[in-house]
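Participant: Sequences are here, hints too, so could you generate the full structure?
Quick mapping for you: the protein sequence lines, in order, are chains A and B.
Each residue of the first sequence is one higher than the last, beginning at 7 in our numbering.
Each residue of the second sequence is one higher than the last, beginning at 327 in our numbering.
Watch out, some of these pointers could steer you wrong.
DEER-style ranges, computed between Cβ atoms [to be verified]: (1) PHE345/B <-> VAL235/A: 33 to 43 Å; (2) ARG336/B <-> ASN210/A: 28 to 38 Å; (3) PHE345/B <-> LEU12/A: 31 to 41 Å; (4) GLY466/B <-> PRO318/A: 57 to 67 Å; (5) ASP344/B <-> ARG287/A: 16 to 26 Å.
Hints in this document: simulated from the structure, not taken from any laboratory.
Each residue gets a CB set at the ideal place from its N, CA and C atoms; glycine is no exception.
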Amino acid sequence: MTGFDLHRAAAVARKEVMHILRDPFTLALVLGLPVVLVVFFGFAIDFDVKNLALGVYDRDNTRHSRQLVSVFESSGYFLPGAVDSPAAAARGLDSGRYSAALLVEPGFGRGLGGGGRARVQFIVDGTDNSKAQAVLGYLPGLTGAALRKFGAAVPADPVPLKTRFMYNPELNSRWFVIPGLAVIIIGLLSILMTALTVAREWENGSMELLLSTPLRPAEIIAGKIAPYVGLILAGVFFVNLVARFGFGVPFRGSHLLFLGGTVLFALASLSQGIVISVVTRQQQLAMQLSMISGLLPSLLLSGFIFPVESMPVFFRYFTMILSPRWFMEIARGVTIRGAGAADLALPLAALAALCALLLAAAFKKFKTDLEP
Amino acid sequence: MNAGPALEVRGLSIKFGDFTAVDDVSFSVKRGEIFGFLGANGAGKTTTIRMLCGLLLPTSGSATVGGLDFSDGGKGIKGKVGYMSQKFTLYNDLTVGENLDFAAGLRKLSPAYALRRRRELFDLIAFDSPLSTMVSSLPGGVKQELSLAAAMLHDPEIVFLDEPTAGVSPASRARFWALIRKVTELGKTVIVTTHYMDEAEQCGRIALMRTGKLIALGSPAELKGAAFPGPMVELDFNGPAPAAALGGLGKAAGLLELSPHGMRWHAAFRDRPAMEAALAALPPGASRAVIEPSLEDVFIRLVEGAER
Chain A
7 MTGFDLHRAA AVARKEVMHI LRDPFTLALV LGLPVVLVVF FGFAIDFDVK
57 NLALGVYDRD NTRHSRQLVS VFESSGYFLP GAVDSPAAAA RGLDSGRYSA
107 ALLVEPGFGR GLGGGGRARV QFIVDGTDNS KAQAVLGYLP GLTGAALRKF
157 GAAVPADPVP LKTRFMYNPE LNSRWFVIPG LAVIIIGLLS ILMTALTVAR
207 EWENGSMELL LSTPLRPAEI IAGKIAPYVG LILAGVFFVN LVARFGFGVP
257 FRGSHLLFLG GTVLFALASL SQGIVISVVT RQQQLAMQLS MISGLLPSLL
307 LSGFIFPVES MPVFFRYFTM ILSPRWFMEI ARGVTIRGAG AADLALPLAA
357 LAALCALLLA AAFKKFKTDL EP
Chain B
327 MNAGPALEVR GLSIKFGDFT AVDDVSFSVK RGEIFGFLGA NGAGKTTTIR
377 MLCGLLLPTS GSATVGGLDF SDGGKGIKGK VGYMSQKFTL YNDLTVGENL
427 DFAAGLRKLS PAYALRRRRE LFDLIAFDSP LSTMVSSLPG GVKQELSLAA
477 AMLHDPEIVF LDEPTAGVSP ASRARFWALI RKVTELGKTV IVTTHYMDEA
527 EQCGRIALMR TGKLIALGSP AELKGAAFPG PMVELDFNGP APAAALGGLG
577 KAAGLLELSP HGMRWHAAFR DRPAMEAALA ALPPGASRAV IEPSLEDVFI
627 RLVEGAER
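Facilitator: Laid out in structure tokens, this is it:
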């Protein structure tokens, strides 16, 4: 990197800012699209299962059994509907009319009163396993609530186990989805921005003119990346504003740490864009490669939806070379858990290493001669 | 300033894989000269110019540009030359001022110097629109002239122009060539590629290129004299040429070249007696006039003749 000249890099950066300011599409894309997507997905993506149709066959029909049904109803997770036989409940599950069924055996109320066993059957449609898992997750809470309502002596557990969800006590999936989504959009946009701007210079022939001056590749790369770091940070700022005040996603950690992580992630993604554009030298191809390399791994392998820990061994290691996987940890850690720099040392170091690697690759791949 | 040649090229070659784009080219250019490269597309003109600007590294051979060689990877040369590419002139989405500021920034010119140069160059190209004019709103010819100004902002000794007049109107072309002459009057050396014959006529010397090789080099008059030592006649048969007459002419002793030019034919002979003998055998209706060969005739004889 000998002969790096800040003035020449600044000239490139100034020109890039002019390009951006004259191109409302780019501005709208970076500042608007993440916000629009976060709002859109914030409303649409909801892993919480609510308003499930519940077939209820209450053969007991006592005060206690009705109380049990009302506990299910008032939870907000279920919409109970009475059926007149267990067979009807089964048919309802078959047809998909019900997602679960609650069968209260006769003698339930008596059992609670101390005369025998109080038995209830709960059937869940297991077709959609994530839905079934969620429903099963609600059950302990519901039975506990029912027992309290009956005023019955809650049987003492031999091992008292109390579950408490930290950081996100209501398990609000938006808190989980929105920061993750922001990571993916910001990553993709960063890659796209530099990929297109450098490929454009190759395509319209201006790169030839730039290279005919004493301008060095490192200066071109620095001048191309710097304005977009600023633009991306502005985009991230708006996303966080919407997440916090629109969706009530907390921001518990240090803003400075988050900013540092964001800059590293933006630099890594922008460098990836430069690598793509110097290899393709064509906007069309650069666009396609950016979409594939920027979207697929980050959607599937970053831990956005599928936890990295539960991936097969190969993919678990493979995710280590993906910058969104590390920034995902940082973003969720800082915002939701309030994690500090020491807690996030590994992802921060990994992200910095990837950033350096991609920058080096961009620099190395950037040829100063025009050889086709 | 040393008095050596502006450009000294020895055995320059470049290969892209198996393809030899420029093959063992040697020439030298004097300071203040307009030196033209003439050839068809793909003849190696642009590649040669790109090498001399430090944009491509030669596979073999040597060159000094403004007294500097490529031992530093072309960095020194890039400071001494100005380059105008055929594909790109100025950023359309920037203003005239922004484009020139960018060029000045890349060359690290001080604001005062850049301002002075800009005034001088605006005078030279007679540009008087405001600096805030968007480049996209300028006519093609003005864009080419401004692009030349941007390439000359750092006051280079040598200016490389790669097909500078491609795609502009004939009037703009004439204006641009007047500008090129003014630039050389300032002591600059101009290297220009073209495939317009009338532009080539205006060069001090021309290098004729074909498939990467330099096949002829000299002033327009020298090239004509070398290609056509004898006289040339323009024949007009007042309609389609009779096949018999053409056949007879084609076999005439001492015929160097017979080529169609529209409805007319140009016939070149080794010497005057050969011409007179051949013309005597033509039907009397055909009109004939001894003409000066044009560069187009030279091009046909040297470039296309070599392909036959």
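Participant: Any of the earlier hints contradicted here, and which numbers?
Facilitator: none
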